[in-house]
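**Q** What follows is each chain in one-letter form.
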Amino acid sequence: MSRLGRFRQPSVIPGFGLTLGFTLTYFSLIILVPLVALVLRSAGLGWNGFWAAALDPRVLASLRTSFLTATIAAGINVVFGTLIAWVLVRYRFPGRRIFDAMVDLPFALPTAVAGIALTAIYAPNGIVGQFAAQLGWRIAYTPIGITIAMIFIGLPFVVRTIQPILEEISKEVEEASATLGANRFQTITRVLLPSLMPAILTGFALAFARAVGEYGSVIFIAGNIPFVSEIAPLLIVIRLEEFNYAGAAVIATVMLAISFVMLFIINLIQAWSRRRYGYGS
Amino acid sequence: MEVRVQNVRKEFDRFPALHDVSLDIKSGELIALLGPSGSGKTTLLRLIAGLERPTAGKIFFGDEDASEKSVQERNIGFVFQHYALFRHMTILENVSFGLEVRPRATRPPKAEIRRRARELLDLVQLSGLEKRYPSQLSGGQRQRVALARALAIEPGVLLLDEPFGALDAQVRRELRKWLREMHDRTGHTTVFVTHDQEEALELADRLCVMSQGKIEQVGTPDTVYDQPQSPFVFGFIGESSTLPVNIERGDIWLGDRPIGISSPEAVGPARLFFRPHDIELVDGDAALSGVVASSRRVGGTRRVELDIGGAGHRVEIDLPFDHPAGERSQISFRPKRWKLFPAE
Amino acid sequence: MAASTHVRRLASPTNEPVYVRWILILVGLLFMALFLVLPLVAVFSEALREGIGVFVQSLQQPDAQSAIRLTLLVAAIAVPLNVVFGLAASWAIAKFEFKGKAFLITLIDLPFSVSPVISGLVYVLLFGSGSVLGPWLRSYNIEILFAVPGIVLATIFVTFPFVARELIPLMQDQGSGDEEAALSLGASGWQTFWRVTLPNIKWGLLYGVLLCNARAMGEFGAVAVVSGKIRGQTTTMPLQVEMFYNEYQSTAAFALASLLALLALVTLVLKTALEWRFGDELAATGRGH
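Residue numbers (numbering that gives the first Met the number 0), protein chains in the order written: chain G, 0 to 280; chain H, 0 to 343; chain P, 0 to 288.
Honestly, the hints are just simulated from the structure, not real lab data.
Certain hints may be false.
[Claimed, not checked] Just so you have them, the derived chain G footprint on chain P, three or more residues with Cβ under 8 angstroms:
| # | stretch |
| --- | --- |
| 1 | 56-62 |
| 2 | 72-79 |
| 3 | 141-153 |
| 4 | 195-202 |
| 5 | 218-228 |
[As the list claims (entries may be wrong)] In silico negatives: residues of chain P with every beta carbon more than 10 angstroms from chain G:
| # | residue |
| --- | --- |
| 6 | 52 |
| 7 | 172 |
| 8 | 263 |
| 9 | 280 |
Just so you know, these numbers come straight off a predicted model, no measurement behind them.
Quick reminder that beta carbons are idealized off the backbone N, C-alpha and C, glycines included.
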């Protein structure tokens, strides 16, 4: 007990050893050991082997596709997600609560279902796809299709990050801006949007991180043409099917490293925002 | 600038918040809108600011009808209870904001804006904190930034909504004094809302006492304190005791006893108001007399609660702190200054 | 609005003009209709394209049936395990102060930032051929990869944080006062948990279970990697959807998908109902996952 006492503050509540022990064991078995196995496997290739696999042109192309489409999708989501959050928080209109609930659909709808549904819509014979086809555009089976799937799965991250912060901004701040002579447009662009900036950035990062790793909703609509519309997660699966486990592990390690950088960036944004704005998003 | 509120009525969803209110605010004065919550004082302030639109009536700034103007056009300085600072801007940027959002034609050059903002920060004694963010300041400092920000646009009227409401007692008292000094120095026409009578009495040139959407009385602190025009004002400003009395042939009676004061004009049942310290102790029958129920020391005097007669009336009076009255002892007194209002 | 008078209508200082408001609302709703509602409608319309008879027949295929059974089985194992974990983790984190707590909370969210494909891949690397564990387990005839245990593991990985991240903030908000009171009245630790803590967090727990279950039943990427896709044996519903789809059995694919979409809708409805009814008894979860 005295040895533990230094590690944790004393409490009359029982069960610390049991619950923390279980938590750590379970976490280690399910998450930690497998992740370590992944890193070890790619490290098994050695420095040169690792970079040879990571810098393979097809791998680079797939990473570029993933990152480019994820960036565009997150960007579009920031614009429309902010607008949707604004509309849901500020305006009252019939069906508002239903639309509010619908925002979470991408969280709840299995990705494979979203994938085939989006493909059905945007394929050249689909409801939207046929109009695009008449204009000579192809959406499905191109990077545009990938972007659309990523917009679908990323939207709730932006909306749900911005919504609570927007609700929290007091009316007084907007009134103060008006009494100082700012017109409504100035109040929105110079007062409201800047104070939402940490939430917007966090939403972007979350939507981007999710989009980069997304698989199920993308592969159906992507077309999966190497060097054109092949995303990195799909290339991992292809490497596995070729029994090139090390190659798969390398791509996964690169992606994992990038996810951790994103996670780190999100935490930085929040720490910065808490320090400066007095709130974390 | 002079502000005239003319027969203004305001309803929120049919619920009347102000009934037909008229008020003349003199140029350069510091006037307090004082009243309990729900009295309409904040609504009146927001109507003057243009943050709300009146349901009926007009508001004049000088000779100009301001009812036609938007809040942006009214050129007022508004200070909010919870500061409402822009949290993503530094203190300097907060203070500069009002000048920076002006149309290009009337906007001073950047350097000039910064210079004026610095000057104002100096005025509110916050020089050196320009680069800080609002979250890094104390409540009192934030409210001073808010004031500097409001003054930056050189407002015709300064409006403050419970400006000290969110601060603790010590800071409140300091800022109160400081606001008075600021006002004496800058001479802005200033309207501030408060529910704290002590604050209003100490700070304001004139008080406007409000209750239930109506103005009860407007006057200097002395007038309002010494000559309250309604039972509400008597009860709301300062300490007071009240008794139901009856007037017969000019004499004031409590129950079946005359109490030694008279009012030649009045007749019939009435309510007698007096302040605990405005009494004199007397001997004899023609007086109010009661039994001490409790007593406590308040500063240099002794505040005594008396049970008067058998009807359960209870009043408070002040005695010298060395008065020997103990529990259950009998005390007779007469109000020196008092006022009668019609019985309810 | 009403007949305009000569008096200028002044814009409210904190509202946009009515036409701006409606334009914004329309743009937002159109975007949502295009990206959220339309796919949902597409699932059901494609499923019913050839009539209700074909729809029912598709679901009665042995492959579809076994996929449904497997999905239920996997969720029935993975969700309770993550519930136990969620309860243990939130108890340890909310009721005690110890070093490294903030780090532990971050770690619990880790699976959210890992691509589902990687979540499956790690088990392939751990148990597959060429690993240390794989051949050893095989010598005891234990199948993990391309079998139910692998699917369960991958599902647990991706749904790992759901219950815990719902319960931790909730229990932190509630503090330890109730538990301390119960203990001081002589209740044992277990009694305290069952009779004081659990009733306090039941709605939050249900909320977490709901989200955890939706993801467990719908997971595709992670499961695809470890399942081996053996028809009738290791295909969960989402995998069977893919299989039908790739075999050009579009109606069958959408019929099965419509069941999953229904699950998503039920989840959303229950989740929303919980938020409306017990909003203050749930943790402030602005964002789910």
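**Q** None of the hints should be skipped; say for each whether it holds.
**A** Hint check results:
1. 56-62: Our answer is that it is violated, as 0 residues pass the Cβ test (under 8 angstroms) against chain G, missing three.
2. 72-79: With 0 residues in contact (Cβ-Cβ under 8 angstroms with chain G), the coverage given for the stretch 72-79 of chain P is violated.
3. 141-153: With 1 residues in contact (Cβ-Cβ under 8 angstroms with chain G), the coverage given for the stretch 141-153 of chain P is violated.
4. 195-202: violated (count 0)
5. 218-228: Result for this restraint: holds, n = 5.
6. 52: 21 angstroms, holds
7. 172: 15 angstroms, holds
8. 263: The claim is violated: residue 263 of chain P sits with its nearest Cβ about 4 angstroms from chain G, within 10 angstroms.
9. 280: 17 angstroms, holds
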